[in-house]
Amino acid sequence: MSAAAAVLRRLTFSREVVLLGVLIVLMIVMSILSPFFLTVNNLLNTSRFFVEVGLMSLGMTLIIITGGIDLSVGSNLGLSSVAIGFSFAAGLPLPLAIVLGLVVGTAAGLFNGLFITLLDLHPLVVTLGTFALFQGLAYGATGAEAVSDFPGWFAYFGQAYLGPVPGQLFIFIVAVVMVWLILSRSRFGRYVYAIGNNEEAARFSGVPIRRVKIAIYSGIGLLVGMAAVIYTSRVYTARGDSGLGLELDVISAVVLGGASIYGGSGTIAGTVLGVLIIATLRNGLTLAGVPSTWVLFVLGVLLLVAVFFNEFFRVKEE
Amino acid sequence: MSEARAPTEGRRVSRGEVLRRFMVRPEAPALVFLAVLVAAFSLSSDKFLSGTNFESIVISVAVLGIIALAVNQVVLCGEIDISTGSMMGLCAVAAGAVALSTGGLILPLLAAVAVGALCGAINGLLVTAGRIPSIIVTLGMLYALRGVILLVTGGTWITGVPNEARVLGTGTVLGVGYPVIILFALFLVMELVSRHSTWGRNVFAVGGNRRAARFAGLPIDRVRVLAFTLVGVFVGIASVIYMGRAGSVQTNTGTGLELQVVAAVVIGGTSISGGRGSSLAALTGAVLIGVILNGLVLLGVPGIWQQAVLGALILLAVATDVLRRRLVEGKA
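Listed in order, the protein sequences are those of chains X and Z. The opening position of the first sequence corresponds to residue 79 in my numbering, with each subsequent residue numbered one higher. The opening position of the second sequence corresponds to residue 314 in my numbering, with each subsequent residue numbered one higher.
Take the hints with a grain of salt, since some may be wrong.
In silico negatives: residues of chain Z with every beta carbon more than 10 angstroms from chain X [stated by the list, open to error]:
#1 G329
#2 S355
#3 T415
#4 A457
#5 L463
#6 A576
Chain X is faced by these chain Z residues, among others (derived, beta-carbon under 8 angstroms) [as the list claims (entries may be wrong)]:
#7 S327
#8 V351
#9 Y456
#10 V579
I should point out that these hints are in silico values taken from the structure, not numbers from a laboratory. Glycine included, every Cβ here is placed at the ideal spot set by N, Cα and C.
The whole structure should be built from the sequences, with the hints applied where relevant.
Structure follows, in structure tokens:
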């Protein structure tokens, strides 16, 4: 038993080492492709762009560990962003509008969680439905218009720098530490793994499955709300189609980080490396002058390859 | 599924029994809902209940319905396919390119079907041999294929498709448009395949209980690969109808279609967990979506709300499915 645990620990350890190697190789390749890539300014600047995907990936890690999935995060980001922008435009003070954005994001996540647990439905079909619903609400409520006349201090969330370091990087680091503590150092985190490994066994062991699931779907909603605040501040515009397609980045990052899509395994460290690899890829390809549509193609293929290798090696192990 | 296919055994059945048998069919709630909606819309707008309006509704959902008939089989297998939007774009690009260079109808159609079948087979092989869940495979393919479209076309539209290649979209037989005829013909074929072919029965077995199907010696991988490939073939056919109606192919052709297709299947009454449903469910779901979108236009609801209505409908449909099953199981 302890021998098996040691082997398992070594495998997960080596997985993150491999990812780190991939990241370093990728950075070398990118710095050859573009002389601008490996500069301190560019690397710090890149971090302005991956924080939103990073925050959502933290929540998605927990969801995928339980064997679930959330396809609605991109639409939810649009909805939360619109909630901030349009409540502000309607006269709500901006601090309250920001709180409203967080509440809308969390409420949308809570809706997913309740729908999934109370009706015993697969998260896939529920979040496919809310993917359309949230996006449709964001479009419909705004008439596909945008708000961008925010006061100057709103830029603090997405455009501020502390010295050379973008402000949102600190938010991300705090979130990483908190989610890591919850997942690796708390009873709740053990419940998450237990549900993913064997939901039936977890139920008979007294794990409050519904409450845990509702909590993690609401949790990702809150993280989406935070991402929406940063995103809206960064682009300085609230539109219904903000975050369109981001679910691909988020799911790819988590899966690349080693979380099994069938549940039961995954780590925050792996996910953070996955986020960094995808951000490097996006930034490097853009600097190298590759059109953005190609980036989508690369991400799509990357997702397939990552899942394939995950499951391939898992089968080998067994 | 067993209740839905119970043979009548030649004995007389009472009217209540007929009603009960109808109500346990998977597509029953959708059909009732459709009837109520048609009645409501025809009362609120006298333009609704006319032959031409109804034909235009069916024509508008023909592309959606044809793809839904095939995705229905994938869902019955317990899998899902959300790559159909990009796949249809790619098939339409193939059909358009061939139509421009050779003309005619057969060659563009063959090209579209071949491209679709290839994409579908890749989906199926990744799911079965690659052991990747179908949602991830088809999500990846949704983006990857859109990239291929932009690569192949270089971002330019295909315009000026010759008229003989547009027949499937614009032509009529005895006053009925080709899209309507093709939709109903494929529906009949799928009903027959579902009821009377080995593969059609295997699909239900694989989706109902995959483990049992494997122990019974069914080729569960081949059954699923065939279902995914069938989606490609039907997407190919649908893309030629689309091209015929539009007369041009844009690089964003088919965007968002995958969601409507899944919506049609589950709204019609095919269970998302597999093993329960019918081709009639997919057809009903597609027509229902057409009636709702058409009704919204007639009632003056801005088109911008369509996406929200679609999402709400998916959630409503899956919730109804669960509640109905609980009710039936609670009684039994």
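Going through the hints against the structure:
no. : hint : verdict
1   : G329 : holds (30 angstroms)
2   : S355 : holds (26 angstroms)
3   : T415 : holds (28 angstroms)
4   : A457 : violated (3 angstroms)
5   : L463 : violated (4 angstroms)
6   : A576 : violated (8 angstroms)
7   : S327 : violated (34 angstroms)
8   : V351 : violated (24 angstroms)
9   : Y456 : holds (3 angstroms)
10  : V579 : holds (7 angstroms)
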